[in-house]
Amino acid sequence: MTRYRANPDAIRALVRSGEVHRDVYTDPELFELEMEHLWRSAWVYVGHESQVPKPGDYLTAEIAGQPLLMVRSADQGVRVFYNRCAHRGARVVSAASGNCGALLRCPYHGWTYRLDGTLRTVPLKAGYAGSGLEESPAARGLSPAPGVAAHRGFVFARLAAAGPSFEDYFGESLSSIDNMADRSPAGRLEVVGGTLRYLHECNWKLFIENLNDTMHPMVAHESSAGTARDLWRDQPPDAPKPMVIEQFLPFVSNYEFFDKMGVKLYENGHSYTGVNFSIHSKYAGMPEYEAQMEAAYGAERASAILGEIRHNTVYYPSLTVKGAIQTIRIVRPIAVDRTLIESLTLRLVGAPDALLERSVMYNRLINAPTSVVGHDDMHCYRSIQEGLEADGNPWVSLSRNHSREEDARAIAGVYNGTSEVSVRGQFRAWLAAMAR
Amino acid sequence: MSVASDAELIRFVHREARLIDEKRFDEWYELFAEDARYWIPLTRGQQSGLIENSLMFEDRLLLKLRIERLRNPQAYSQAQPSWCQHVLEAPGIEDRGTATGVAVMRTPFLYLESRGDHSQVYAGVAWHHLKTVNQRLAIAMKKVELVNCDAALPSLQLFP
Chain A
1 MTRYRANPDA IRALVRSGEV HRDVYTDPEL FELEMEHLWR SAWVYVGHES QVPKPGDYLT
61 AEIAGQPLLM VRSADQGVRV FYNRCAHRGA RVVSAASGNC GALLRCPYHG WTYRLDGTLR
121 TVPLKAGYAG SGLEESPAAR GLSPAPGVAA HRGFVFARLA AAGPSFEDYF GESLSSIDNM
181 ADRSPAGRLE VVGGTLRYLH ECNWKLFIEN LNDTMHPMVA HESSAGTARD LWRDQPPDAP
241 KPMVIEQFLP FVSNYEFFDK MGVKLYENGH SYTGVNFSIH SKYAGMPEYE AQMEAAYGAE
301 RASAILGEIR HNTVYYPSLT VKGAIQTIRI VRPIAVDRTL IESLTLRLVG APDALLERSV
361 MYNRLINAPT SVVGHDDMHC YRSIQEGLEA DGNPWVSLSR NHSREEDARA IAGVYNGTSE
421 VSVRGQFRAW LAAMAR
Chain B
1001 MSVASDAELI RFVHREARLI DEKRFDEWYE LFAEDARYWI PLTRGQQSGL IENSLMFEDR
1061 LLLKLRIERL RNPQAYSQAQ PSWCQHVLEA PGIEDRGTAT GVAVMRTPFL YLESRGDHSQ
1121 VYAGVAWHHL KTVNQRLAIA MKKVELVNCD AALPSLQLFP
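Which chain is which? The protein sequence lines are A and B, in order. FYI, the numbering used here numbers position 125 of the first sequence as 125, with every residue one higher than the one before it. Take any residue in the second sequence, count from 1 to its spot, add 1000: that is its number in the numbering used here.
Be a bit skeptical, because a hint or two may be false.
Here are the simulated EDC-like pairs of lysine to aspartate or glutamate, each with C-alpha atoms no more than 20 Å apart in a straight line [said to hold, decoys possible]: (1) A:K241 <-> B:E1068; (2) B:K1064 <-> B:E1030; (3) B:K1131 <-> B:E1008; (4) B:K1131 <-> B:E1068; (5) B:K1064 <-> B:D1021; (6) A:K241 <-> B:D1059; (7) B:K1064 <-> A:D75; (8) B:K1064 <-> A:D9; (9) A:K241 <-> A:E190; (10) B:K1023 <-> B:E1094; (11) B:K1131 <-> B:D1021; (12) B:K1064 <-> A:E246; (13) A:K241 <-> B:D1035; (14) B:K1064 <-> A:D353; (15) A:K282 <-> A:D230; (16) A:K282 <-> A:D337; (17) A:K241 <-> B:E1034; (18) A:K54 <-> A:D75; (19) A:K241 <-> A:D353.
Residues of chain B placed beyond 10 Å of chain A at every Cβ, according to the derived structure [to be verified]: (20) A1004; (21) A1007; (22) H1014; (23) D1021; (24) R1024; (25) E1034; (26) E1089; (27) G1092; (28) T1100.
Hints were generated in silico from the structure; no laboratory data involved. Virtual Cβ for every residue (Gly too), placed ideally from N, Cα, C.
Isolated chain A, as found in the complex:
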């Protein structure tokens, strides 16, 4: 039985003023529709150009159920194709990443493609004489993703033929990516050091909603960050903090801290916390790096770049960025209750290794499958996934700092940091894509 397919009224009824129906997290049909409508009309993150530096370098990704291939072509451009041989449909490359040389070659019958996706050779081509192959879709080679755009090396694709332009979709929210790249004295980022891959047994939205949720750290992370605080308790106030302590302590800041941090919303579900300051604001200075930044940008501009210390930026629905610490998390939904979160570390080109060490430590402490912070987050996500099976109340409250007045206007703007407005903004985007 289909309840939601071809039934936009039923979908609209799931999102009410300040609350959503549990089905948005638990219903497999809605998950399918999300992949078809929301994820394919959105600009979703594919990969970073630094991961494919040379012609023939490629990476693969499964996005919204679609096998994709990102490759550096001979003209140095980065292209995104469906990873599907034009002949019988095999995936053209299977590894997570690699170099294919000058041609992509299907492992089944050996059809080859140039790095721009065009068909180069078909074995025993004479067998196709008069077959009509030349006029068929197979002759056109690899199908490109309908939309591809890059910003500061971050490559996104839109899998629907029609939809908003890249610029309209992200708008000013791209300033978080800019700030992360600007933190390099050379203005460039490089993905380095391997991908942490954490399997989340929950709906993808539970993860992405949590990124700008500032009412949970002091509760969910008391056991980890609170333990760090207790281990450091007997130290004199001016004792230099080990990086571990410096990174953990702010997680158990009080409600006032997180509220004053602020949250900024854009249209289309994007947002970031840390408008005024963030949990990264009190890291020890690195004079050598700061001098490099001043030399590269001038004192005023360097100070503006380094003074912008955002917490998490959500590029709805597929990417979250932590510019101040140079890590990103990629959201890859697998099933209604299964999501892969991949966490990457970015090196600020030209900056001292000490910054990379800080990024690597943060990524490991917070985002790894072995992270004690991640364990408690994951426990809460899974608890929600299971708890929502309860029939007593099918509605999920998102009403913190909500007002009826908010429903009637555009949602972009700056709000107090502990508001649930970022989740409401995400559901506006969700509904706009799902109830068309």
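With chain A's structure known, arrange chain B on it following the hints.
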């Protein structure tokens, strides 16, 4: 002179695993030298824990934090506690440390971690770098190479 007798080196590796499996974490913690690392690389042949991502790259402070957290009633992910069991192949002595002062042990293992109705099984090789501190054997480094280190993993909460 070697760091310790062969029998002592082998006994140490077995005891280290047993202390984890029996959750005798305070005794386990004391096996680690002040400058020790407990390292689970993310990639095969990984060179650095400092500038490359790892699953774990713990110094004593981080090990202490993990151990204390496991006892914290607010460690919600352990409201239903995890249990684990190492099954070790006979530890091999790669280097007695005669020249370096650091003995190197290689131990292939299976590791099961269980929580509630769910279990995960890992296989890999544990490398113990052991030295003498105050006349006792201590871990300079324990490096755990998991066969599936680069796979998408669920929460892994104890110590392979």
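Hinted pair A:K241 and B:E1068, Cα distance within 20 Å:
At roughly 19 Å apart (the allowed maximum being 20 Å), B:E1068 and A:K241 satisfy the hint.
(Q) Just to be careful, I want the Cα atoms of A:K282 and A:D230 compared with a cutoff of 20 Å; is the pair within it? (A) Holds. A:K282 to A:D230 sits at ~19 Å (cutoff 20 Å).
ask   = Given the hinted pair B:K1131 and B:E1068, is their alpha-carbon gap at most 20 Å?
value = This hinted pair is violated, its Cα atoms lying about 26 Å apart.
Practice prompt. Given the hint that B:K1064 pairs with A:E246, test it: the Cα-Cα distance must not exceed 20 Å.
Written response: holds, 16 Å
Item to check | Least C-beta distance from B:G1092 to chain A larger than 10 Å | outcome: holds, 26 Å
**OP:** Given the hint that A:K241 pairs with B:D1035, test it: the Cα-Cα distance must not exceed 20 Å.
**Re:** Answer holds: A:K241 to B:D1035 is near 17 Å, not above 20 Å.
_Can you confirm whether the C-alpha distance between B:K1064 and A:D9 stays at or below 20 Å?_
violated, 54 Å
Quick one, are A:K241 and A:D353 close enough, alpha carbons at most 20 Å? holds, 19 Å
Quickly compare the C-alpha distance for A:K54 and A:D75 to 20 Å and report which way the hint goes.
holds, 10 Å
Problem - Straight-line alpha-carbon gap A:K241 to A:E190, limit 20 Å - result: violated, 28 Å
20 Å Cα cutoff - pair A:K241, B:E1034:
Roughly 17 Å separates the two Cα atoms, so the pair holds.
Q) For the pair supplied as a hint, B:K1023 and B:E1094, is the alpha-carbon distance within the 20 Å limit? A) Violated - the C-alpha atoms of B:E1094 and B:K1023 are around 28 Å apart, more than 20 Å.
Checked against the numbered hints given earlier, this structure breaks hints 4, 7, 8, 9, 10, 11, 14 and 16; the rest are met.
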